[in-house]
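Going by the working numbering, the sequence shown opens with residue 340, and the numbers climb by one from there.
Each hint should be verified, as a subset may be incorrect.
Here are the simulated DSS-like cross-link-like pairs (lysine-lysine), alpha carbons at most 30 Å apart as the crow flies [unchecked claim]: (1) 379 / 408; (2) 369 / 379; (3) 451 / 389; (4) 429 / 451; (5) 369 / 451; (6) 429 / 379; (7) 389 / 420; (8) 408 / 369; (9) 390 / 451; (10) 389 / 425; (11) 379 / 451; (12) 451 / 425; (13) 389 / 429; (14) 369 / 389; (15) 425 / 369; (16) 369 / 390; (17) 408 / 420; (18) 389 / 379; (19) 429 / 369; (20) 408 / 429; (21) 420 / 369.
None of these hints come from the bench; they were simulated from the model.
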Amino acid sequence: MIQIQHEEQYTLLVPSAQADKISLETLADKVTQQMEEGHKNYIIHLEHVKKLPADYEYVLENINQIVNKEDGLLIISGAPKELEEKLEEKEVITTPTLDEATDYIFMEEIEKQFRSEHDGEQEEWEKED
340 MIQIQHEEQY TLLVPSAQAD KISLETLADK VTQQMEEGHK NYIIHLEHVK KLPADYEYVL
400 ENINQIVNKE DGLLIISGAP KELEEKLEEK EVITTPTLDE ATDYIFMEEI EKQFRSEHDG
460 EQEEWEKED
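Let the sequences and hints guide you as you build the complete structure.
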């Protein structure tokens, strides 16, 4: 089972304590479904997951690639240390806590907004020249 919570800037997905093969497939399906509904940023919180299948990192890497292609952001929070290290090698963003993950998303959104405003100003300057 996967709990899904929608916030203004992101969607939080929390797998049940026993993340088995079925919930892995369900997790990928849920993210795809959320993307079809227009959501872009995701936090998958793993703090309560007791046992992870061996291929969990590959599923998360695949989800990350899908989200990134749509200009979204995926953050894995609360992962066990060994999974966190494997994910970082695959360039998946990880944070130790859920609070840090939400902060990361808010900072990314502010940065995107700043860049788009700056790009707009730069276009105006170029038109004036």
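Hint-by-hint comparison with the structure:
no.	hint	in the structure
1	379 / 408	holds, 10 Å
2	369 / 379	holds, 13 Å
3	451 / 389	violated, 35 Å
4	429 / 451	holds, 23 Å
5	369 / 451	holds, 25 Å
6	429 / 379	holds, 20 Å
7	389 / 420	holds, 13 Å
8	408 / 369	holds, 17 Å
9	390 / 451	violated, 36 Å
10	389 / 425	holds, 17 Å
11	379 / 451	holds, 13 Å
12	451 / 425	holds, 27 Å
13	389 / 429	holds, 22 Å
14	369 / 389	holds, 21 Å
15	425 / 369	holds, 23 Å
16	369 / 390	holds, 20 Å
17	408 / 420	holds, 27 Å
18	389 / 379	holds, 27 Å
19	429 / 369	holds, 22 Å
20	408 / 429	holds, 15 Å
21	420 / 369	holds, 25 Å
When the structure is compared with the earlier hints, violations turn up for hints 3 and 9 and for no others.
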